[in-house]
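Using the hints provided, position chain Z relative to the given structure of chain H.
Residue numbers (this note's numbering), protein chains in the order written: chain H, 1263 to 1685; chain Z, 102 to 516.
Derived by calculation from the structure, the hints in this document are not laboratory data. Nothing here was measured: the structure is a model prediction, and the numbers come from that model. Here a beta-carbon is modelled for each residue, glycine too, at the ideal position from N, C-alpha and C. Don't take every hint at face value.
[Said to hold, decoys possible] Label pairs and their calculated CB-CB ranges:
id, chain 1, residue 1, chain 2, residue 2, range
1, H, R1307, Z, Q398, 24 to 34 Å
2, Z, Q225, H, S1416, 46 to 56 Å
3, Z, K302, H, T1460, 44 to 54 Å
4, H, F1338, Z, H134, 27 to 37 Å
5, H, S1373, Z, S464, 44 to 54 Å
6, H, S1373, Z, H134, 43 to 53 Å
7, Z, Q309, H, S1337, 50 to 60 Å
8, H, E1491, Z, M303, 33 to 43 Å
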Amino acid sequence: MDSTSKVPGTSSSHLLGLKVMRMRKPSLFKSAPVVLGEPQDALGRSLDTKFLEDITTSKNIPFFSTGEVLALPQSFGLIFLGETFTGFVTVNNESQEIVTDAELKIELLTSSHRVPILTSPISQLDPGASEDHIITHEVKELGEHNLICTVTYSSSSSVEEFFMRKFYKFGVAKPLDVKTKFSTMEDDVLLEVQIQNTTPNPMFLEVMRFDPASSFTVEEFNTFESRNEENHKVSVSVFGKENYLNPRSTRQYLYRITPLVSVQTAGRATNMSVGKMDIVWRTNFGDRGRIQTGQLKAVIPPAPELKVTVVQRPGTVHIEQPFNITCAVTNMGKNPMRLRSVLERQVGEGVVWSGVSGKIHNELAPSETMELTFTALPLQPGLQNLCALSFVDMLRSQKRHHFNKLGQVLVDQQPPPQEIHFT
Amino acid sequence: EAVLSAWMPSTWVQEAIRQQSRQHLTAPGVLAHTKPGDPISEQLAALQCDAGRRPLPTAQSVSMDTLGLQSLVSDGCFNAALELSSLYLSSQGQGLGQCGLPSQHTPHTLQMWCARITLLVHTQRFKDAEMELEAFGELDKPDLYYQFNPQDHPDMTGSMVPFSLRLLHAQLPSYLGRHHLSLDRLCLMEHICDQILMGIKMFRLPWQQELLSQAEQKYAESVWTQRLARIKFSIGNCFVALQDYSLAVEVYQSLANRLPAVKSEIFSGIARLYLQLGDLLSALSFQQAAESTAEGQASELLCKTNRALVNVFQNKWGEASEGFSAALDADPGSLTLLNNKAVCTFFTGKLKETVALLEGAISSSPPSSLQPSLLTNLSTSHELDVAGGEKKMALLPLLAQHVGDGFPLACLSLK
Chain H
1263 MDSTSKVPGT SSSHLLGLKV MRMRKPSLFK SAPVVLGEPQ DALGRSLDTK FLEDITTSKN
1323 IPFFSTGEVL ALPQSFGLIF LGETFTGFVT VNNESQEIVT DAELKIELLT SSHRVPILTS
1383 PISQLDPGAS EDHIITHEVK ELGEHNLICT VTYSSSSSVE EFFMRKFYKF GVAKPLDVKT
1443 KFSTMEDDVL LEVQIQNTTP NPMFLEVMRF DPASSFTVEE FNTFESRNEE NHKVSVSVFG
1503 KENYLNPRST RQYLYRITPL VSVQTAGRAT NMSVGKMDIV WRTNFGDRGR IQTGQLKAVI
1563 PPAPELKVTV VQRPGTVHIE QPFNITCAVT NMGKNPMRLR SVLERQVGEG VVWSGVSGKI
1623 HNELAPSETM ELTFTALPLQ PGLQNLCALS FVDMLRSQKR HHFNKLGQVL VDQQPPPQEI
1683 HFT
Chain Z
102 EAVLSAWMPS TWVQEAIRQQ SRQHLTAPGV LAHTKPGDPI SEQLAALQCD AGRRPLPTAQ
162 SVSMDTLGLQ SLVSDGCFNA ALELSSLYLS SQGQGLGQCG LPSQHTPHTL QMWCARITLL
222 VHTQRFKDAE MELEAFGELD KPDLYYQFNP QDHPDMTGSM VPFSLRLLHA QLPSYLGRHH
282 LSLDRLCLME HICDQILMGI KMFRLPWQQE LLSQAEQKYA ESVWTQRLAR IKFSIGNCFV
342 ALQDYSLAVE VYQSLANRLP AVKSEIFSGI ARLYLQLGDL LSALSFQQAA ESTAEGQASE
402 LLCKTNRALV NVFQNKWGEA SEGFSAALDA DPGSLTLLNN KAVCTFFTGK LKETVALLEG
462 AISSSPPSSL QPSLLTNLST SHELDVAGGE KKMALLPLLA QHVGDGFPLA CLSLK
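This is chain H alone, in the form it adopts within the complex (with noise of 0.2 Å):
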C-alpha cells in the first residue's frame, strides 16, 4: 500500500509502529508448471518425487494446475465500487517504554465525504505488544480514497503527548458499465440494460434485477422455463449455464415495464421515474460486490382513450370460408361516447372484412365494455394479418380512434371437410 508518514514536530522515531494491510479473499496457489517425466527418461523419479512433495501440487491428480493449498493476498490488488474494503491494523509498541493514553482513530477521505471508520482508546500498551483491530468498509465513491490513520498518545517517561499519522491512498474503479435503452410497447415500457465487465476477472452475477417503482410492475424476459434431470421444473437463464461474465464481455438484459393504470395520463406522455437495478455480483473466493443504479428515467405512453382487445377469434381458419371476431371495446375516458364501428378496406391484405361497416352503436359509459362481433374472409393463404378498424366518437367532434394491430390468423388453402350427409 502506499504510505506517507507524516510526522509533525521535531521527533522523528515513534515509540509507536503503525501498518495497515489490505486484507484480499485469499486465493489459491497454483501448482509449480508440471514436470512430471516418465520412469524411462533422464530424470528418473528424481523430480518427481520432489514435485510431488510440494503441498501446492494436488494430490492423485498431480496434473490439476489449481491446489488446495490457501496463499495469503501477497498485494494490494485493484478494488472497485461496490465492493467492501477489508484491512488489517496493527500498533505495535517498538519502544522499551510503556506507551499509556492512547487512542487510534481511522477515516476515509474521498473527493466529497471525510468517513470516520474506527476510533478506539489503548490504554496501555506495554513494549513489544500490539493492538490489532479490522476494519471494514463499503466502498460507494469512485476515485481516489484516502486512509488516515492517527494515533495520539504519551509515555510513561514523559507527559508530552505524542501525534503520529499515516496516509495510505488507493484508487476505486468502475466495475461494471451499465447502459440503459428504453423503448415502449403498446401501452408498456420495455428496458433493454447492457452491462460490460470492466475488471479483469470474471464475475459471477449472483443478482441481476430490476426493482420497480411504487406505480409499475415488471416482467422479465431473462429466463425460461425448462425441466431438469428429475423432471421438475427448473427457471433457466437465456444465457446459458455459465452465469458469470468474462472480462470486457457484454449481456443484455430485458425487462418489460407496466405502468398501473391510474399513473398514465390521457392524451399525454409522461417522464417519470420507473425503478432501478439492483446488481450483485461475486469474485475471487466470495468476494462480493454491489451496485444499484440512480432511479431511471422513462417517457410513459399516454393513457389510451378507447381500448379494443380481441376476445374471440379462430387461430385457424380455411381460405374463402368467413369467421367471426369479437372484440371487447372499453371506454378508458371520462366521458361517454357514441361509437360508429368503420370497417377498414387495406390494398393487398389477405383478409376482408365482410358486413356493414358504419354501424352506430349504443352509448358506452366511462369504464364500460362492450362487446361486438365482426366477421372476416380470408382470402390469400399462409399468415394474414386481420384488417384494421376505425371507432368515431360522434360525441367529441367525430374523434377518430384506429386500431390496425388486431392480430393475425392462418389461413389454411385447403377447404374445410365437407360433410357428407347421407340420405
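Just chain Z now, with coordinates in the frame of chain H:
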C-alpha cells in the same frame, strides 16, 4: 521400446526422411548461462551470517550421466544438475557456444535435453527454456527420427524425442502467457495421440509391420491412454489460465469419466475452481459429487475440508478455522491443512497466532516441511510486523541446513 517412441511425423517430414534430405537439420546448443552458484550461501555471506551450510554436491562431484544427474536432483541441487547437463551436452557437441553447429542426435542426448528443459521450467526460467528449444522447431524434424539414420539404429522406428519433452514444449508458451499457442500444440498432440491409440486397438503401431502381441498391446494401451490423459489435463489448465471456466470444466469432467480412480479428486478440483470464480452453487454440487464418489475415511476428510472452504467463501473465518482443525484430527501433520487453518486465523485478526501456526508447520519436519508456499505466507504475515525482516532472516539457518541450491529463495522476499 517402440511403444514409447511411437509418433506420427507430418507429411513433409516423412518425405524428408525417405529422401534422406539434409536440408532441415536440428542444431541445438546450450544457450542459458546457469552459473553453478548457491543463492542461500550468497545470501548468508551478504548478511554476514555465520550459519553453517550443509555440504552441497556439485556437477563435478558426481558421474556425468543420468545417475549422477538424478542424485543431484534428489538432493535439491537443480543448479548443479543444470551445470551437469550443460557439461554433458558440451561433450556431445551441443554445449555452450555450439548452437548452430551440426551434431549427432541420439536418444541419450535428447533425454539429457529433456532433463535440462524440465529443470529450467521447474526453476521458472521459462525464457531460457524457450530459447534453447528454438533450435528443435516443433520437435518434428527428420533427423529426430530413428529412421533417418538406419545404420546407427537398425530396426528402430519412431521419434527419438521423449514424450515428456514434447509435452513441456507444448506447455511452455502458456507459462509465458501465450496460452493459445500452447492450446494449438496440445491439440495437435491430442490428435496424434488419438490416432496412435486407434492403431493400438487394432494391434498396430505406426511404422511397425508386425502386429503387437496381447501383452504388448495392453502395455501400449496403458502407456498411451496415460499420455492422452496428461495432454487433456494440460489443455484444461490452459483454459483455466485463459479464464474460460466453462471449457476448462468440460475438459476436466471428461477426464473424470475416463479416470474413475481419481474421479473424486477431479470433482473436488472443479469445485475449487468454482469457488475461485465466485459460483457457490456449482461448487457445492461438485463438492457433493466428489463426496459421494469417495469412500470411507477419505470421504469424511473430504467433507470436512469442503465445509471449511465453503466457510472461507462466506467469510465465516472462525468456523473455517475450526473446520480445518477438525480435518487435522483425521489427517494430523498435513501441511496443507495447517496452512489453511493459519490463513483463516489471520482473517479473524489473530496475527500472532497465525505466525505461530505457520512457523510451527515449517519447522515440524524439515526438510519436507520447508515448503515455498508456507514460507510465502509467513513472509506475507511478517509484512505486518516491524521486526518481520529480522524474523525472516532468522529462518535462513534452518534452510541452510537442509535445502539444495535450487530452493526458490524468492519466496521469503528478503530485501
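Item to check | Status of the given 46 to 56 Å range, CB of S1416/H versus CB of Q225/Z | outcome: Taking Cβ atoms as reference, Q225/Z and S1416/H lie about 51 Å apart, which means the hint holds.
Checklist entry - Could one say that the CB atoms of R1307/H and Q398/Z fall in the range 24 to 34 Å? => result 27 Å, holds
Checklist entry - CB of S1373/H to CB of H134/Z, is that within 43 to 53 Å? => result 52 Å, holds
Checklist entry - Could one say that the CB atoms of F1338/H and H134/Z fall in the range 27 to 37 Å? => result 36 Å, holds
Item to check | Distance restraint evaluation - E1491/H, M303/Z, Cβ atoms, bounds 33 to 43 Å | outcome: Because 37 Å falls inside the window, the suggested range holds.
Checklist entry - Between Q309/Z and S1337/H, does the C-beta distance stay in 50 to 60 Å? => result With Cβ atoms ~55 Å apart, the hint holds.
Checklist entry - Does the Cβ-Cβ separation between S1373/H and S464/Z fall within 44 to 54 Å? => result 49 Å, holds
Next on the checklist: Is 44 to 54 Å respected by the C-beta to C-beta distance linking K302/Z and T1460/H?
Outcome noted: With Cβ atoms ~51 Å apart, the hint holds.
Hint check: no violations occur; every hint is consistent with the structure.
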